[in-house]
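S.K.: Chains as they are written, first to last, in numbering that gives the first Met the number 0: chain A, 0 to 143; chain B, 0 to 185; chain C, 0 to 651.
Don't take every hint at face value.
Taking CB as the label site, the calculated pair distances span [what the hints assert, rightly or not]:
id, chain 1, residue 1, chain 2, residue 2, range
1, A, A30, C, P307, 45 to 53 Å
2, B, T54, C, T308, 43 to 51 Å
3, C, L379, B, Q160, 25 to 33 Å
Partial list, computed: chain B residues near chain C (C-beta under 8 Å) [unchecked claim]:
id, residue
4, V4
5, P6
6, F10
7, L16
8, R19
9, P29
10, L32
11, S53
12, F178
13, A180
Derived by calculation from the structure, the hints in this document are not laboratory data.
What you are looking at is a predicted structure, and each value in this text was computed from that prediction instead of being measured.
Cβ atoms here follow ideal geometry from the backbone N, Cα and C, with glycine treated the same way.
Next come the chains, spelled out residue by residue.
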Amino acid sequence: MKALALVSAVWLALASCAFGALAQEGFDDPALNERYRALISEIRCPKCLNESIAESKAPVAAELRREIRRLMGEGASDDEIKEFLASRYGEFVLYRPPLTLKTFAVWAAPFALFVVGAFVFWRILAARLRQPLDDEPLDEGPPS
Amino acid sequence: MWRYVVPLVLFLGIGVLFWRGLGMNPNYVPSALVGKPIPTFSLPSVTNPQEIVSTETLAGHVSLVNVWGTWCVECRHEHGFLLELARAGVPIYGLNVRDDRAAAIDWLSRLGDPYVSSGFDPDNKAGIEWGVTGAPETFLIGRDGTILHKHISPLTPRIWQRDFLPLLKEHCGPGDCPFLAAVGGS
Amino acid sequence: MIPEFGQLALALALCLALVQGTLPLVGAARGRADWMAVARPAAAGQFVFVAIAFGALVYAFLSDDFSVLFVAQHSNSALPVFYKATAAWGGHEGSMLLWIAVLAVWTLAVAAGSRSQPQEFSSRVLGVLGIVSAGVIAFALLTSNPFTRLIPAAADGNDLNPLLQDPGMIFHPPTLYVGYVGMAVPFAFAVAALLTGRLDKNWAKWTRPWTVVAWLFLTGGITLGSWWAYYELGWGGWWFWDPVENSSFMPWLMATALLHSLAVTERRGIFKSWTVLLAIAAFSLSLLGTFLTRAGVMISVHAFASDPTRGLFILGLLAIFSGGALALYAARARNLEAEGGFKLVSREAFLLANNVLLVIATGVVLLGTLAPLIVEALGLGKISVGPPYFNLMFLLPALPLVALIGVGMHAGWRMMPGDALARRLRGPAVAALAIGVAAPFVFFDSASVLTTFAVSIALWVALSSLLDPMRRLVFRTGAPLTRGQIGMSLAHFGVGVFMLGATVASAYNFERDFAARPGDTIEAGGYEIVFNGIRSVEGPNFVADEAEIELRDGDELIGILRPQVRTYRVQTEPMTEAAIDTNMLRDVFVALGEPLGDNAWSLRLRVKPLIRLLWIGAGLMALGGLVAVTDKRYRVAVRQPAPAAAQPVEAA
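Generate coordinates for the entire structure from the input sequences, incorporating the hints supplied.
M.R.: Listed below in C-alpha cells is the structure:
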C-alpha cells in the first residue's frame with residue numbers, strides 16, 4: 000500500500016490532465032475530496048428510502064451534491080453547508096442530528112444508559128460480594 | 000422488588016409509541032420553508048425567454064407555485080385540476096425543472112397552460128432554494144410573500160378542499176382572493 | 000389446485016398449532032399427562048402441514064403459476080430456476096411463510112430433543128412455541144396470504160426485484176431467519192421456567208445448545224446480509240445502521256448476552272432472572288424487527304411493502320407474546336433469586352459486566368432507531384439519526400466490552416487473584432499495544448487516536464484468545480481443551496479479527512469517483528486503473544453495459560475487472576454490479592456509473608484495506624459457536640430418557 004503522500008503527489012500531478020474538463024464528482028485536492036466524501040455521506044437524500052446523497056441515484060441527490068461542491072468551492076464550512084441544506088429541506092436531511100434542545104436527549108441517552116448501567120453493576124456486585132462463595136472447591140483454571 | 004416491573008413498563012412505552020407510529024406516515028417530510036418568506040430567485044420564462052419569473056413577480060398577491068416537468072408522469076394527473084383553478088382565477092406560477100424547453104412548450108400548447116408564467120429551471124437551481132425534491136409539488140404563497148403550505152404529489156379537489164381552502168380563508172383579506180368563491184370558499 | 004392445497008395445509012397447521020398451544024399448557028397446570036402428551040404429535044403434525052404449504056408455494060413459483068398473485072408479483076418466466084425458487088421469500092407474504100416454516104422446523108427439533116426433560120416442562124416449552132406458531136400462522140392467513148389468486152391470471156410476472164437476483168439471496172434470508180426465529184426457543188424455555196416456577200442448572204444446560212445454534216445462524220445471517228449489501232449495492236458500504244439492519248442486530252446483541260448469562264446460570268445457578276429476561280428480550284426484539292420491517296412505520300430499503308393493518312396485527316402479537324412474558328416475569332422473577340457470591344475479579348463479575356454492556360449497546364441502538372419516531376410522535380418535527388450518530392455512540396459500550404473480553408475469558412470462577420491474572424495477560428497486552436500503536440503509522444502513514452485505540456483492542460482480544468489454545472496445544476501444559484473451550488477461544492478470536500477488519504477498512508477507506516474514456520489510465524489509491532472500453536452483454540433476463548478494467552500495480556497486472564450496469568427486461572431500473580478484486584490485504588472495488596456523454600463514463604473506485612478480515616472474523620465467531628455446541632456434555636444429555644419426577648439433577 001503506497002503511502003498517502005505519494006498518492007497525493009500523483010493526484011496533484013494529474014490535476015492538469017485532460018479529463019479535468021469533464022464533469023467530475025469530486026475535488027482534485029485530496030483533503031478537500033475527503034471532506035466532500037465525508038460530508039455527502041452525512042446528508043440524507045430527501046426523497047429516497049433511507050440513503051445518503053453519496054449513494055443515491057436520484058436526481059435530487061445529484062443536485063444536492065452539486066450544490067455542496069459549489070458551496071465548498073465558495074469556502075463555506077461544513078456547518079454552514081448543513082445549515083444551508085437544513086433550512087431548505089429540513090433537519091430530516093442531516094444524518095447526524097444537530098445538538099439542540101430537542102435532540103439533546105438523543106445525544107445524552109447513551110451516556111445516561113452508561114450511568115444507569117454502572118449503578119446496576121455496582122449494586123449487583125455489592126450484593127454478591129456479601130454472599131458466601133459456594134461450598135464447592137475452588138477451580139484451578141478457567142474452564143468454559 | 001419493583002425492578003422486575005421495569006421491563007414491562009418499558010415495553011408498554013414502546014408499544015404505545017408504535018401504536019402512534021402506525022398512524023403516522025413515514026414518507027411525509029414536512030417542508031422547512033412553511034412560514035418563511037419565499038426564497039430569492041429569478042428565472043427566464045419557459046414560453047418567452049425575455050420575460051422573467053422572480054420573487055418580485057409573486058409579491059403582493061396570493062398565488063400557487065407549482066413544480067412540474069414533462070418527464071413527470073404524475074403531473075398529468077393534476078393538470079386538469081390546475082386548468083380548472085386557473086380558469087376560476089387562481090394565479091398559478093409554474094416552476095419547470097429538469098426539463099427541455101422545446102418539450103415544455105409543446106406540452107403546454109398541447110395540454111393547456113394553467114400558468115400565468117413558468118420559470119425555466121433546467122438544473123433545478125432555483126428549485127433547491129425552494130426545497131424541491133421532484134414533481135409535482137405545489138406551494139401556497141400568501142399576500143405578504145410567506146409560504147403558507149407545501150403539498151407533494153398531485154393536487155386533487157379533495158386535497159384542495161382539505162388543505163388549501165382553510166388556509167386561504169384564513170389568510171385572504173377582503174379583496175385579496177377574488178377567486179375564492181369560484182373555487183369553493185364562501 | 001396446488002395453491003389451494005397449500006392454503007388448506009396452512010389452515011390445518013393453524014389448528015394443530017392452536018392445539019399445541021393450549022392442551023399441553025393446561026395439562027401441565029393440571030397435571031394431566033394425556034394432555035401434555037399431545038405436544039409432540041401436534042408439533043410433528045404442524046411441521047408436516049407447514050412443509051406442504053411451503054412446498055406448494057415453491058411449486059407455484061417453479062411451475063410459473065401466474066394465477067397466484069404473489070408469484071405474479073415476484074417472478075417471471077425468464078427468471079433463472081434458482082431465483083424462481085428463492086423468490087418464494089422475495090416478498091412479504093412468502094417471507095412470512097418462510098418464518099412459519101423455520102419455526103416449525105425449530106419446534107420439531109425441540110420436540111425431538113426434549114425427551115430428557117420432565118414432561119411438565121417440555122410440554123410447557125412446546126405449548127409456548129405452539130402459541131407463537133398459531134399467532135404467526137393466523138397473521139399470515141388473515142393478512143398476508145401468499146396463495147391469493149389473481150383472476151384473470153397474468154400472462155407473465157413482474158419479475159423478482161433485481162437486487163434480489165443474486166446468490167446472496169439464496170442464503171441470507173433463510174440463515175437469518177433460522178437465527179431470528181430460533182430466538183423463540185430460549186424464549187419458550189424461559190417462559191416455561193417462569194410458568195413452572197423453577198429454574199435450575201439443568202434448565203440452563205437444556206437451553207444453552209439451542210441458544211448457541213440460533214445465535215450462530217443469526218451471526219451467519221447478519222454477516223451474509225452485510226457481505227451481500229457490500230458487493231451488490233455498488234457503493235462499498237457494509238453496514239448502514241438502517242432500521243431493518245438494526246432490528247437484526249439487536250436480537251444478536253441480546254442473544255450474545257444470553258449465551259454468556261446461561262454460562263453463569265449453568266455453572267453457579269445464579270443470574271437466573273437476568274437470563275430469563277435476556278431470553279424474553281432477544282425474541283421480543285426479533286418480533287420488533289418483524290414489526291419494523293412490515294408495518295410501514297419506518298423508511299428503509301429493506302422494508303417490505305407496508306400496511307398499517309399488518310402492523311397492527313404484529314403489534315398485537317408483540318403485546319401478547321412479549322407483553323405476556325414480561326408480565327409473567329414481573330410477577331414471578333423474584334422467586335428465581337438465588338444466593339451465590341463472587342469477588343470483583345471473577346468470571347461472574349466479568350460476565351455481569353458483559354451483560355450490562357451488551358444491554359447498554361442494545362439500548363443505544365434501540366434509542367437511535369426509535370428516536371425519529373419519538374420526536375415525530377411528540378410533534379417536534381422530523382429528524383434523522385444515521386451512521387454518524389451510531390458509529391460514534393455505539394463505540395461507547397462496544398470498546399470497553401471488547402477490551403474486557405480479553406480479560407474475562409481468563410478469569411476463574413468465584414474469585415481469582417488479580418496479580419495471577421495480570422501476569423498471564425501482560426504479554427499479549429504489551430504486544431497488542433505496541434503493534435496497535437505502531438502499525439497504523441507504519442502501513443498508512445497517519446492514524447487518529449481512536450484508530451490506534453481500536454486496533455490495539457482488536458489485537459488484544461485476538462492475542463488473548465489464542466493464549467490458552469497456544470499454551471495447551473503448543474506447550475502441552477494444563478488439561479486437554481474441551482470443545483466448549485475451543486469454541487470460546489475461536490469465537491473471541493473472531494471478535495478481534497472482525498474488529499481489526501472493521502476499524503482498518505473504515506479508517507483507511509479510499510474512495511474516488513472518476514470520469515474516464517476508453518483508453519484512459521487513472522492512477523489512484525496506489526493502483527493504475529486502465530479503462531479498456533465498454534461492451535454490451537446479455538444475461539438470461541437482462542442486458543448490460545460491461546466495462547473492462549485492468550487493475551495494475553506498476554507493471555504488474557493484478558486482475559481484470561468487469562463491472563456492469565444491468566437493465567433487467569421487466570423491472571427496468573438500472574442496476575450496478577460492481578467488480579471486486581479481493582485478497583487478504585485489501586479489496587479493490589470498481590463500479591460503473593452513468594455514461595457522461597462524449598464517450599466518457601463515470602467510474603467509482605474504492606480501496607478497502609483488510610476488509611476481508613471483517614467477514615472472516617464474523618465467520619470465525621459463528622464457527623466458534625458451532626464447535627462449542629458439539630461439546631459432548633450436550634450430546635450425552637439428549638440420549639438419556641426423561642426421569643419420572645422433576646428432580647434437579649446435578650450437572651456432571
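S.K.: Take the hints in turn and mark each one as holding or not.
M.R.: Now for the hints, and whether the structure bears them out:
Separation of A30 (chain A) from P307 (chain C) is about 48 Å and conforms to the stated range, judged on CB atoms against 45 to 53 Å. As the Cβ distance of T54 (chain B) to T308 (chain C) is approximately 46 Å, the hint placing it in 43 to 51 Å holds. At roughly 28 Å, the beta carbons of L379 (chain C) and Q160 (chain B) sit within the given window of 25 to 33 Å. The beta carbon of V4 (chain B) is positioned within 8 Å of a beta carbon in chain C (closest approach about 5 Å), and the interface hint is therefore held.
The beta carbon of P6 (chain B) comes within 5 Å of a beta carbon in chain C, closer than 8 Å, and the hint placing it at the interface holds. This hint holds: F10 (chain B) has a C-beta 5 Å from the nearest C-beta of chain C, less than the 8 Å allowed. Interface restraint check: L16 (chain B) against chain C, minimum CB-CB distance 6 Å, threshold 8 Å, status holds. Interface restraint check for R19 (chain B): the shortest CB-CB distance to chain C comes to about 4 Å, inside 8 Å, so the restraint holds.
The interface hint given for P29 (chain B) holds, since its Cβ lies 6 Å from the closest Cβ of chain C, which is under the 8 Å cut-off. Against a cut-off of 8 Å between C-beta atoms, the interface hint on L32 (chain B) is violated, since the closest Cβ of chain C lies about 13 Å away. Annotation: S53 (chain B) was flagged as interfacial toward chain C, and the flag is violated, the nearest CB pair being 30 Å apart, outside 8 Å. Interface hint status for F178 (chain B): violated, as the beta-carbon distance to the closest one in chain C is roughly 32 Å, over 8 Å.
The beta carbon of A180 (chain B) comes no nearer than 34 Å to any beta carbon in chain C, farther than 8 Å, and the hint placing it at the interface is violated.
Hints 10, 11, 12 and 13 from the list above are not met by this structure, while the remaining hints are.
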